[in-house]
Amino acid sequence: DGGITQSPKYLFRKEGQNVTLSCEQNLNHDAMYWYRQDPGQGLRLIYYSQIVNDFQKGDIAEGYSVSREKKESFPLTVTSAQKNPTAFYLCASSIKINSPLHFGNGTRLTVT
Amino acid sequence: GQQVMQIPQYQHVQEGEDFTTYCNSSTTLSNIQWYKQRPGGHPVFLIQLVKSGEVKKQKRLTFQFGEAKKNSSLHITATQTTDVGTYFCAGPGYGGATNKLIFGTGTLLAVQP
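Protein sequence lines, in the order shown, are assigned to chains R and S. According to the working numbering, the residues represented by the first sequence are 1 to 112, in order. According to the working numbering, the residues represented by the second sequence are 1 to 113, in order.
Accuracy of the hints is not assured; some may be wrong.
[Unchecked claim] Short derived list, chain S residues pointing at chain R, Cβ under 8 Å:
1) Tyr22
2) Thr28
3) Pro39
4) Phe45
5) Ser52
6) Ala68
7) Asn71
8) Lys100
9) Leu101
10) Phe103
11) Gly104
12) Thr105
13) Gly106
[To be verified] Looking from chain S toward chain R, a few residues come up when the C-beta cut is under 10 Å (computed):
14) Ser30
15) His42
16) Gln48
17) Gly53
18) Ala78
[As the list claims (entries may be wrong)] Heads up, simulated DSS-like pairs for lysine-lysine below, C-alpha to C-alpha not over 27 Å straight-line:
19) S:Lys70 - S:Lys56
20) R:Lys70 - S:Lys59
21) S:Lys56 - S:Lys36
22) S:Lys100 - S:Lys56
23) S:Lys70 - S:Lys57
24) S:Lys100 - R:Lys71
25) S:Lys51 - S:Lys100
26) R:Lys9 - R:Lys71
27) R:Lys71 - R:Lys14
28) S:Lys70 - R:Lys9
29) S:Lys100 - R:Lys96
30) S:Lys36 - S:Lys57
31) R:Lys14 - R:Lys83
32) R:Lys57 - R:Lys71
33) R:Lys83 - S:Lys100
34) R:Lys57 - R:Lys14
35) S:Lys70 - S:Lys36
36) R:Lys9 - S:Lys59
37) R:Lys9 - S:Lys36
38) R:Lys57 - R:Lys70
39) R:Lys96 - R:Lys70
40) R:Lys57 - S:Lys59
No lab work stands behind these hints: they were computed from the structure. Each residue gets a CB set at the ideal place from its N, CA and C atoms; glycine is no exception.
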């Protein structure tokens with residue numbers, strides 16, 4: 001079965017620590033995305049990648065970093081510079097940029 | 001920058017009533033996509049509209065794309081409890097500078113049995 005896998009489902013970290021969220025897809029999609037969702041809010045774009053070894057900042061990239069070394073993987077690092085990191089993080093992929101998105105199940109990150 | 005607003009933010013209906021959510025973009029969209037997110041879940045793609053004035057139906061759901069390609073609507077006929085969730089529209093603008101999908105603010109639908 002093809003899909004997107006995000007791990008872990010829940011993640012707890014202490015303030016000041018960097019943390020990396022995993023996102024893997026086996027759909028052979030070129031484009032991948034990271035969104036952040038806060039309670040009762042919409043989805044805000046953090047970073048996106050149209051192709052391997054290339055990525056662009058979204059609307060709220062500050063305090064985050066990504067890499068796209070392999071087509072199937074797009075990990076997101078939440079750095080200590082991110083002021084309010086507690087949120088629901090969603091990874092998505094699409095055949096090409098701005099085609100319909102397939103989302104992973106998300107990772108709920110709590111930083112205390 | 002490009003903004004996509006949805007109204008209403010929240011709608012509570014009795015099962016069997018109709019429901020409509022409206023999506024308005026500050027810029028012209030090359031296409032409009034609709035997603036549904038169940039409580040505690042992740043967004044799931046419903047449909048994509050591309051042409052000006054396009055109307056598509058999926059069982060009890062009717063989607064429209066405005067003539068100017070700046071607005072869209074989702075209408076659900078005779079809601080059921082399974083329709084509960086947040087409905088998002090999303091659209092990319094035209095041109096290289098808007099080469100990213102922007103999500104609307106979402107409409108949370110609650111259905112009382």
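Hints, one by one, checked against the model:
1. The criterion of a C-beta within 8 Å of any C-beta in chain R is not met by Tyr22 (chain S), whose closest approach is roughly 15 Å, and the hint is violated.
2. Taken as an interface hint, Thr28 (chain S) does not check out: its beta carbon lies about 14 Å from the nearest beta carbon of chain R, beyond 8 Å.
3. Of the supplied interface hints, the one on Pro39 (chain S) is violated, with its beta-carbon coming no nearer than about 11 Å to a beta-carbon of chain R, more than 8 Å.
4. Hint status for Phe45 (chain S): holds, given a least beta-carbon distance of 4 Å to chain R, under 8 Å.
5. With its C-beta approaching chain R no nearer than about 18 Å, Ser52 (chain S) sits outside the 8 Å limit, and its interface hint is violated.
6. Given hint, Ala68 (chain S) at the interface with chain R, is violated; its Cβ is 19 Å from that chain's nearest Cβ, farther than 8 Å.
7. Here the hint on Asn71 (chain S) is broken, as its CB sits about 17 Å from the closest CB of chain R, past 8 Å.
8. The interface hint given for Lys100 (chain S) is met, as the beta carbon of that residue sits about 6 Å from the closest beta carbon of chain R, less than 8 Å.
9. The interface hint given for Leu101 (chain S) is met, as the beta carbon of that residue sits about 5 Å from the closest beta carbon of chain R, less than 8 Å.
10. Because the smallest distance between the Cβ of Phe103 (chain S) and any Cβ of chain R comes to about 4 Å, under 8 Å, the interface hint for this residue holds.
11. Given the 8 Å rule on beta carbons, the hint for Gly104 (chain S) holds: about 6 Å separates it from the nearest Cβ of chain R.
12. Given the 8 Å rule on beta carbons, the hint for Thr105 (chain S) holds: about 5 Å separates it from the nearest Cβ of chain R.
13. The restraint placing Gly106 (chain S) at the interface with chain R holds, with a minimum CB-CB distance near 5 Å, inside the 8 Å limit.
14. Checking Ser30 (chain S) against chain R by beta carbon gives a least distance of about 7 Å; that is within 10 Å, so the hint holds.
15. With 10 Å as the threshold, the beta carbon of His42 (chain S) comes within range of chain R, its nearest partner Cβ sitting at about 4 Å, so the hint holds.
16. At about 6 Å, the closest approach between the beta carbon of Gln48 (chain S) and any beta carbon in chain R falls short of 10 Å, and the interface hint on this residue holds.
17. For Gly53 (chain S), the interface hint is violated, since its Cβ never comes within 10 Å of a Cβ in chain R; the closest pair sits about 20 Å apart.
18. Restraint check, Ala78 (chain S) versus chain R: the minimum CB separation of about 26 Å is more than 10 Å; hint violated.
19. A distance of roughly 17 Å separates the Cα atoms of Lys70 (chain S) and Lys56 (chain S); the hinted pair therefore holds under the 27 Å criterion.
20. Among the hinted pairs, Lys70 (chain R) with Lys59 (chain S) is inconsistent with the structure: their alpha-carbon atoms are about 39 Å apart, more than 27 Å.
21. With a C-alpha separation of about 16 Å, the suggested pairing of Lys56 (chain S) with Lys36 (chain S) holds against the 27 Å cut-off.
22. Between Lys100 (chain S) and Lys56 (chain S), the direct Cα distance comes to roughly 24 Å. Compliance with the 27 Å bound is thereby established for this hinted pair.
23. Restraint check for Lys70 (chain S) and Lys57 (chain S): satisfied, since their Cα atoms lie roughly 20 Å apart, inside the 27 Å limit.
24. At most 27 Å may separate the alpha-carbon atoms for a hinted pair to count; Lys100 (chain S) and Lys71 (chain R) meet this at roughly 19 Å.
25. Of the pairs offered as hints, the one joining Lys51 (chain S) and Lys100 (chain S) holds, with about 19 Å between alpha carbons and a cut-off of 27 Å not exceeded.
26. At roughly 22 Å between alpha-carbon atoms, Lys9 (chain R) and Lys71 (chain R) fall within 27 Å of each other, so this suggested pair holds.
27. A distance of roughly 31 Å separates the Cα atoms of Lys71 (chain R) and Lys14 (chain R); the hinted pair therefore is violated under the 27 Å criterion.
28. Of the supplied pair hints, the one linking Lys70 (chain S) and Lys9 (chain R) is violated, its CA atoms being roughly 36 Å apart against a limit of 27 Å.
29. Taking the CA atoms of Lys100 (chain S) and Lys96 (chain R), the gap is near 11 Å; set against the 27 Å cutoff, the hint holds.
30. A threshold of 27 Å between alpha carbons decides the hint, and for Lys36 (chain S) with Lys57 (chain S) the separation of about 15 Å falls inside it, so the pair holds.
31. For the proposed pair Lys14 (chain R) and Lys83 (chain R), the alpha carbon gap of about 13 Å is at most 27 Å, so the pair holds.
32. The hinted pair formed by Lys57 (chain R) and Lys71 (chain R) meets the criterion: a straight-line CA distance of about 18 Å does not exceed 27 Å.
33. Distance hint between Lys83 (chain R) and Lys100 (chain S) is fulfilled; the C-alpha atoms sit about 24 Å from each other, no more than 27 Å.
34. A distance of roughly 26 Å separates the Cα atoms of Lys57 (chain R) and Lys14 (chain R); the hinted pair therefore holds under the 27 Å criterion.
35. Taking the CA atoms of Lys70 (chain S) and Lys36 (chain S), the gap is about 20 Å. The hint holds against a cut of 27 Å.
36. Between Lys9 (chain R) and Lys59 (chain S), the direct Cα distance comes to roughly 33 Å. Violation of the 27 Å bound is thereby established for this hinted pair.
37. Of the pairs offered as hints, the one joining Lys9 (chain R) and Lys36 (chain S) holds, with about 20 Å between alpha carbons and a cut-off of 27 Å not exceeded.
38. Taken as a hint, the Lys57 (chain R) and Lys70 (chain R) pair is honoured in the structure, with Cα atoms around 18 Å apart against an allowance of 27 Å.
39. Restraint check for Lys96 (chain R) and Lys70 (chain R): the C-alpha separation of about 16 Å stays at or below 27 Å, so the hint holds.
40. For the proposed pair Lys57 (chain R) and Lys59 (chain S), the alpha carbon gap of about 38 Å is over 27 Å, so the pair is violated.
Hints 1, 2, 3, 5, 6, 7, 17, 18, 20, 27, 28, 36, 40 from the earlier list are contradicted by this structure; the remaining hints agree with it.
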